[in-house]
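Each chain, written out:
Protein chains: 2
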Amino acid sequence: MTQLYLIRHGIAAEAADYSDDQKRPLTEKGRQKTEQVAQKLLQKGIQFDLILTSPLVRAVSTAVILMDVGLSKKVQEFAPLAPEGNLETWVNWWNQSGYNNKDSSLALVGHQPDLGNWSEVLVWGKTQEKLIVKKAGVIGLNILDKTAPIGNCELFLLTSPKWLL
Amino acid sequence: MTQLYLIRHGIAAEAADYSDDQKRPLTEKGRQKTEQVAQKLLQKGIQFDLILTSPLVRAVSTAVILMDVGLSKKVQEFAPLAPEGNLETWVNWWNQSGYNNKDSSLALVGHQPDLGNWSEVLVWGKTQEKLIVKKAGVIGLNILDKTAPIGNCELFLLTSPKWLL
Chain A
22 MTQLYLIRHG IAAEAADYSD DQKRPLTEKG RQKTEQVAQK LLQKGIQFDL ILTSPLVRAV
82 STAVILMDVG LSKKVQEFAP LAPEGNLETW VNWWNQSGYN NKDSSLALVG HQPDLGNWSE
142 VLVWGKTQEK LIVKKAGVIG LNILDKTAPI GNCELFLLTS PKWLL
Chain B
22 MTQLYLIRHG IAAEAADYSD DQKRPLTEKG RQKTEQVAQK LLQKGIQFDL ILTSPLVRAV
82 STAVILMDVG LSKKVQEFAP LAPEGNLETW VNWWNQSGYN NKDSSLALVG HQPDLGNWSE
142 VLVWGKTQEK LIVKKAGVIG LNILDKTAPI GNCELFLLTS PKWLL
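From first to last, the protein sequence lines stand for chains A and B.
Its first residue numbered 22, the first sequence is counted upward by one per residue in my numbering.
Its first residue numbered 22, the second sequence is counted upward by one per residue in my numbering.
Next comes chain A alone, as it looks inside the complex:
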């Protein structure tokens, strides 16, 4: 089974306090909650072959927390995961990644509403913006057709930290 986990960054500092949105860090509470979510995923036996993350600070910090608890040995910044990034770019990457021809488990760390939209497109072929994804929330998809993931995934998990902790 090939699985894709889409994970939203944790609670970050207020936008009003940072002139550059890209540099907003996680708050202390955001770090703690993200680490608790990560520990829960680890407890359940989850391992990621790779974590791709939006290059924004709040996403990179989230990805590093996931790696630090032991969920993966590899984190890589991936520009299309920044806000308003393009799913097609990810699909092109996927098709050449080497993860597309074996059982694998990847995590994508990014932002809303993109992660919800990407998930809907991967599962249903288009988005209606109907998924609620809270900060440090997790979406889990099975990729049924590894050669053509769009419209060919199943949804097995959608949760906010509330239900995991």
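It should be emphasised that the hints constitute simulated quantities derived from the structure, not laboratory data.
Errors might be hidden in some of the hints.
Stated by the list, open to error - Each computed DMTMM-like pair below joins lysine to aspartate or glutamate, with the alpha-carbon atoms no more than 25 Å apart: (1) A:Lys147 / B:Glu150; (2) B:Lys147 / A:Glu175; (3) A:Lys183 / B:Glu56.
This structure is a prediction, so every number in the text was calculated from the model and none was measured.
Mind docking chain B on chain A? Use the hints.
What follows is chain B alone, placed relative to chain A:
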């Protein structure tokens, strides 16, 4: 906010051991896991104004466990929640239920693939059978338009017991 929780019955005795599928009881493990899920929902502050359940034994037992842990004071059998039941019948009930004109929280206890299909229709207007709903798994929807729920719900939770426990 008006919320709808769709909950699949717990692990039941093998079909081969019961000539009447409607009478298959929960196994001991099924009862335990269902009770753990129910306790977790209670811990998170969930209360149901009403639990509607499929009349099949494994569903009724699941609903009674939810009530017994304190999630609701009311359980009612509802024939359209039996396998291959009709969502329109539920919508007709809803429209006359009195729950449709206030904030409320209802649980529907039933079977797969119906619960997944109903959820997809409530959220996206049609089903592609893309939701994985395990035994004692939980789906959580916000009903955005109480006068016309079909296609007007958001998905905020989809989980198997694995992630809750």
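- prompt: Hey, lysine 183 (chain A) versus glutamate 56 (chain B), does the alpha-carbon distance stay inside 25 Å?
  reply: holds (19 Å)
Satisfaction of hint between glutamate 175 (chain A) and lysine 147 (chain B), Cα-Cα up to 25 Å: holds (15 Å)
task: Verify the proposed pairing of lysine 147 (chain A) with glutamate 150 (chain B), using a straight-line Cα cut of 25 Å.
output: holds (15 Å)
In the structure shown, no violation is registered for any of the earlier numbered hints.
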